[in-house]
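Novice: Please build the complete structure, drawing on both the sequences and the hints.
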Amino acid sequence: MQNLKEHAKPGEYSTLELMAVCGARAIKNGEVVFVGTGLPMVAAMLAKRLHAPKAKIVYEAGFIDSNAIDIALSIADSRLEYRSSAAIGLIETLGILLQGGRVDVGFVGAAQIDEYGNINTTYIGDFESPKVRLPGSGGGNDIVSSAKRIVIVMKHEKRKTVKKLDYMTSPGHLGGPDGRKNAGLKGGGPALVVTNLCQMDFDEKTKRIRLKTVHPGISVETVLENTGFNLIVPEHVPETEPPTYEELEILRSVDPTGIYIPRST
Amino acid sequence: MQNLKEHAKPGEYSTLELMAVCGARAIKNGEVVFVGTGLPMVAAMLAKRLHAPKAKIVYEAGFIDSNAIDIALSIADSRLEYRSSAAIGLIETLGILLQGGRVDVGFVGAAQIDEYGNINTTYIGDFESPKVRLPGSGGGNDIVSSAKRIVIVMKHEKRKTVKKLDYMTSPGHLGGPDGRKNAGLKGGGPALVVTNLCQMDFDEKTKRIRLKTVHPGISVETVLENTGFNLIVPEHVPETEPPTYEELEILRSVDPTGIYIPRST
Amino acid sequence: MEGEVEDKRITLEEAVKLVPDGAHLFWGGFGFQRPPMAFAHELVRQGKRNLTIYTCGSEIDIDILAGARVVSKFELAFFAIEGIGLAPNIQRRIRDGSVQIEDYTNLAMALRFLGGALGVPFMPIKSMLGTDLVTRSKFKPNKVKVIECPFTGEKVALVPSVNPDFSIVHVSRVDREGNAQIDGIKGEDSEGARAGKKTIVLAEEIVDTEFIRSNPDLTVIPNIYVTYVVECPWGSYPMMVYNYYDYDMEHIRMYYQQCKTEEGWQKYCEEYITGVENHMEFLKKIGLERLLKLKARKPLGY
Amino acid sequence: MEGEVEDKRITLEEAVKLVPDGAHLFWGGFGFQRPPMAFAHELVRQGKRNLTIYTCGSEIDIDILAGARVVSKFELAFFAIEGIGLAPNIQRRIRDGSVQIEDYTNLAMALRFLGGALGVPFMPIKSMLGTDLVTRSKFKPNKVKVIECPFTGEKVALVPSVNPDFSIVHVSRVDREGNAQIDGIKGEDSEGARAGKKTIVLAEEIVDTEFIRSNPDLTVIPNIYVTYVVECPWGSYPMMVYNYYDYDMEHIRMYYQQCKTEEGWQKYCEEYITGVENHMEFLKKIGLERLLKLKARKPLGY
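Protein chains in written order, with the working numbering: chain A, 1 to 265; chain B, 1 to 265; chain C, 1 to 302; chain D, 1 to 302.
Just so you know, the hints here were simulated from the structure itself, not pulled from any lab data.
Incorrect hints may appear among the rest.
[Unchecked claim] A short, non-exhaustive set of chain D residues, derived as facing chain B with CB atoms under 8 Å: (1) GLU4; (2) GLY31; (3) PHE79; (4) ALA80; (5) GLU82; (6) LEU86; (7) GLN91; (8) LEU114; (9) LEU129; (10) LEU133; (11) GLU154; (12) ILE185; (13) ASP248; (14) LEU300.
Cβ atoms here follow ideal geometry from the backbone N, Cα and C, with glycine treated the same way.
Specialist: As structure tokens, this is what we get:
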């Protein structure tokens, strides 16, 4: 058997598994983590079982410090109540925990982002006669407004990484460094974007999006070809650290039937 | 034994018992009643056991639809939980039930009232260097601000029925008919004042206080001698209907040891 | 010693009859948890029209209401068939112009219900600031106002409170005078049930008043807020009720697949809603065996 | 599978040591129910000075803090020895100018805690309008603001939110990581415990985390809000804790009578507070027999 701390080799893990591992690594021990269903839930469960056993996972429906053992399909899924500290409601989670400034990291998805990390999950096309009406904010705007830092998890496509959003559902850094402060927002805004091609963070001065790491086997050129906005590319872009065998083993035990993270072949 | 529906004779009941009966009669069946400890609690319990079995008694500490069998000494007394519908908190009772417009009648006391039913329970003397510092509003201002109608229960003295309050803790009809509306208040304001001498209500047009009934054995002159403000006295002032034997019997069973209503001799 | 207990029980059919065309409804449940599915079906059966629905987020329950043209306006934060895809009927009804959506966030909607419950005309919120949720609206002239805080100077958004004509909530259990318990998360139902001018509580089971009054601490919605009570077992099927039953993912996926076309939706509606006489007939159509498979196991609650 | 459990337990003495002179405290309990009496005694023993206390209404607990010159400012709605008379020490301290009181209403204070918990700078309220509670203040420059609602035009009062340095709450039971249950009414403790920058939970008993996590629905204050946990049986004596013990009216009346004079108060303070080493010695002084007589009977809870 392999050394659990060793990195897996290409072909031993899937891109979704790598993304979940990137998400998990963004969670520090003891942090309060706000996640929805899907890949971020799996990432949070992985973090909690590995390097962040004191992390508290909060789901907006009202589950606080959840210790679910089964994968949930809905944000309000009964599965999330298992051995939680409390089961209350939206005002508790989105209002008191999140808006009250007690959430360290929040995970959200995006249909579109721009180069300041502003997010669209509402309309594709024109507001008056849109091509597609997406699900809307849900708690997304609340999370991005108030969590201390935000991790965006999304598919990397040119049409999703745009210069101008069709509609701004959730506030990234708005127009730049003072954007959030001037708007009256409390949280720190987007800190990390995890895609199927790379990880991106934000330039401290301009608050514009910046390539951080490229996933194994992905070139900077591939990232740029699939990006619609101007991406800051540092001189040296390291490779994303692949999953360790330990990470993969726990990840696969968290979602054993591959509901959100289908098993790599 | 007497006919329970007959009125008791002078000497068969005390003034406090008459006051409690007056309070009870101000409660209609099915109403939501907001009371504190003391005489109003006894009045509400009497009403509920007699003519208003569907009345719901609410105590501000959080007890909703209380069915207490023992007399409570504190507004937050564990005794009030007995067979209540719910035990929650102040935001529920003062905020959602009361400010939300669901309380029909609220009972309050007063150290001073003026002729518009404005109430002082905070300072006697000058605000900057008062003679006595009273307990303050508590939930009093909240009750008087938002209940559909208010019953004030107090001792009738010249120094307590004043032309100008030392401090206005709770809003009666403020300066007259449009006072409450202009101030933005939701509730109907004071409707009845029960004292040891009489009952007073408010003139519909001017919202000034008016003698309604005098207690058996009390003359209009005695009331006026003990009143500091201008009291409207109608041509005909009926006598307060004395307690029935039934009212007295139940009243004495509600407070058997005479904690709030000492037994008449 | 104890007060008289009022009996507020009526049937599902009677409850739905109370709702006139054009009424404004708070719609309870959150995500897959405790949506008033049976009430949605009966609204369709009785052919209600032009309702406005206020909710945080819902799923096939409100998709059915849009599909059957019961609802013309939503004020909400989220709709989808979670984990599966976009809500197929709402998509079509938005495209054909028969449904309009005014967008808020989940916290904004929950606070709008709390504000309505508290009897204040607005609530302050620190979300939505700086985004199109403030600047763009579909049909609401005063959707949200941004003010400067008179104490701190910071920007605060104010959202208008909601007091809908009816609040519709599905709970775990209730007594006949309306004292309701909810197991598990409450979503926005505590606030929503307190915001309605009238509140209709549907419940998996009716319990004796004795049971409620032995545990006043467990009452989530006290009787004073509740106008009518409806006994409605399996009333959230094919969605879930904690401690009672799990969702039926097979049925939900079938719904999603079939409703991708208007014809498929019409077929679903005829087969499961308008073509059955009432909630009990719907349950019989699903079948006892299938229902029993979904029953919650202890101590998991699902 | 489960996360690591943090142990937040400290002693009463350690907890009080954390509070610096001049600190701002939310003070839990309401009326005679669950006041943090033992914490008040220890504040006196450690000679704390110049505290500001935020609470709805309290009784001999805050009267003791005023008497011992621990507190110089209160923002509250009510103080008295309920059903007996005015709070004797506070009266004297107001007269000698060493205590100042800023008056709000009970709902205003509860909303100020809710606003602090929610992270908004103010809350709207429909009380206080038209009265001296709006127009007069003792030491607070921005006590309350009356605005016109931007949606309805009506007048609404705004009260500033509170985020005290510490929230002090006495509860029924808590586990070692701070998940607290409160039997009976919560007063303003749910909101107050969530408003503090740090929150200290004192409890009648410490229970195993297993007990809490088997009933997540019963948790009133989840661990995330709680900084420290203190085991403190009979911690509200001579006041009451629902399901645990009744008040000791004999002691309360004795306190009231004796504290009518400064000398009487000094004697009481020496005998029951500064003259005993700690909470346990105080309980021993009261005596086992007396305590056992006050124990709550089932199902009454008092």
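Novice: Just to be careful: measuring from the Cβ of D:PHE79 to every Cβ in chain B, is the smallest value less than 8 Å?
Specialist: 6 Å, holds
Novice: Is the hint on D:GLU154 kept, meaning its closest Cβ partner in chain B is under 8 Å away?
Specialist: 5 Å, holds
Novice: Go through the hint on D:LEU86 and say holds or violated, using the shortest Cβ distance to chain B against 8 Å.
Specialist: Cβ of D:LEU86 sits 7 Å from chain B, so the hint holds.
Novice: Interface hint check: D:GLU4, Cβ to nearest Cβ on chain B, cutoff 8 Å. Holds or violated?
Specialist: Interface hint status for D:GLU4: violated (32 Å vs cutoff 8 Å).
Novice: For the hint on D:GLN91, does the least C-beta distance to chain B fall short of 8 Å?
Specialist: 6 Å, holds
Novice: Have a go at the D:LEU114 hint: is there a Cβ in chain B nearer than 8 Å to its own Cβ?
Specialist: 6 Å, holds
Novice: With chain B as the partner, please determine if D:GLU82 meets the hint condition of a C-beta pair closer than 8 Å.
Specialist: 5 Å, holds
Novice: Are D:LEU300 and chain B close enough, Cβ to Cβ, to be under 8 Å, as the hint says?
Specialist: D:LEU300 check passes; min Cβ-Cβ to chain B is 6 Å, inside 8 Å.
Novice: When the nearest CB of chain B is found for D:ASP248, is that gap smaller than 8 Å?
Specialist: With a minimum Cβ separation of about 12 Å from chain B (threshold 8 Å), the hint on D:ASP248 is violated.
Novice: Is the interface hint for D:LEU133 satisfied, with its Cβ closer than 8 Å to some Cβ of chain B?
Specialist: 6 Å, holds
Novice: Was the hint right that D:ILE185 lines chain B, CB cutoff 8 Å?
Specialist: Since the shortest Cβ distance to chain B is 3 Å, the answer is holds.
Novice: If you take the shortest Cβ to Cβ gap from D:ALA80 to chain B, is it below 8 Å?
Specialist: This interface hint holds because 4 Å falls under the 8 Å limit.
Hints 1 and 13 from the earlier list are contradicted by this structure; the remaining hints agree with it.
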